[in-house]
Amino acid sequence: MLDTTPEANAISEALRTVFPRGVVEGLERLTGGASRSTWRCSVDRAPYVVQRQRGDTNERDMHVEASVLEAAAAAGVPVPRVVGCVTDADGTTSLVTRYVDGETIARRILRDDRYATARSALTRQLGEAIARVHSIDPVDVPGLEHADALGTTRDRLDELGQPHPTFELAFRWLDANRPPGSDRLAVVHGDYRLGNVIVDERGVAAVLDWELVHLGDPVEDLGWLCSPAWRFGSPLPVAGVGHRGELLDAYAAVSGVEVDPDVLLWWEVFAIVRWGVICIGQADAHRSGAARSHELAAIGRRVCETEHDLFLTLEGRW
Amino acid sequence: MSGRPHGVPTAAELVEAVREWIERDVVTGAPVSPFHARVAANVLAIVERELELGAEHDRRHGERLDQLGVADDHELAAGIRAGRFDDRIDEVRTLVRESVRDKLLVANPRYLDARAPDIGDLPR
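Chains P and E, in that order, are what the protein sequence lines are. Counting along the first sequence from 1, when you hit position 62 you're at 117 in my numbering, and nothing is skipped either side. Counting along the second sequence from 1, when you hit position 118 you're at 266 in my numbering, and nothing is skipped either side.
Among the hints, erroneous ones may be present.
To be verified - Covered stretches of chain E, as calculated for chain P (at least 3 residues, CB under 8 angstroms):
1. 152–163
2. 202–213
Claimed, not checked - Sample of chain P residues at the chain E side, in silico, Cβ under 7 angstroms:
3. Trp228
4. Gly336
5. Ala340
Claimed, not checked - Negatives, chain P to chain E, calculated, CB over 10 angstroms:
6. Arg76
7. Ser97
8. Arg187
9. Gln217
10. Pro218
11. Leu224
12. His341
13. Arg347
14. Val358
To be clear, the hints were calculated from the coordinates, so they are not data collected in a lab. Cβ coordinates follow ideal geometry from the N, Cα and C atoms, glycine included.
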């Protein structure tokens, strides 16, 4: 069925700008989030993905993300190729990329037989790909901001007005054990984990979901990748597929940077707190009426999982 | 003193959220996503456990708060940040950990068993 909503019409218009003579078929909405929607279509029988920002949000312009994707491709990171980035008269931007085939659902990647070979290669490939992301010269991607990760997360928790004694104990440890400032201010993906990576039978096919990309300490991406929330029930720490040593070796082989395991631990602890605060924020979106949903409400009761993870991780260390 | 360790959404808010979903998406007769149905069942299971365990958890939480001389978790959190408990931080950690255990007994008891610390390949 032809989608004729105003949003679909605007995307068709953007596609005409990118492909003036192209035959667009099968435009179909895949997901719709609070700040952007994602669509699929074919142009002259080749598959493409279109991401479109909502006009009324204060999100960073997607042209910045498009330039990061291009810089990442140039640095050897597997990413969907950017074919166009178009801003309408009303200021809403659509980003058009080639479609990359494969799986993003973490539980399938971690359990299905068809990904067994991929799983054996994933830890190394994830380490290599993120090392290449961190090799991008920030000068080549203007428009990225540097934020103090810990300060931003603490401010967000205060803004939500749901103080948690466990998080205060963790902040106390994070303040006291803060690693010496990294001398590298790197391009940080910001949400590097299974779910945001397309995996095929050979492993990483593309790194997706760059909307949180920013400048910061590169170890932030490694800590997030090792965080318990992204193991999906697996006992293995790196994305549910591997061990930290293999990740750090692969990272060092590409970047020449040996990450101190204590620094990785600091960022893992930070990642647990960050995920806990995100969970509080999801429940708050329901409670405030911004998005009524029992799914969001339920996430509020997952905060204690992150508190438990903090006690397990910090046991004997504080 | 009594306290409530379980935070928000409250049990009533959880039931309300499921009721709203039923009224909005289920009564229409349109196909219901199995995922959202599973989430709804999980939410009701949380409420079921809180009805069973909540009174005892509230009593225990009240004892912990009394021991620390605070009215609620808000005051405890603010006190930790302000350094008020720096001279008894081990005691605070032990008590907070007990409250986290009670929260998981309601929210997701399997999480208590299923998770090994899995920090073996990190230095201590």
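Legend entry - Violated hints - listed by number, lowest first: 2, 3, 4, 5, 9, 10, 11, 12, 13 and 14
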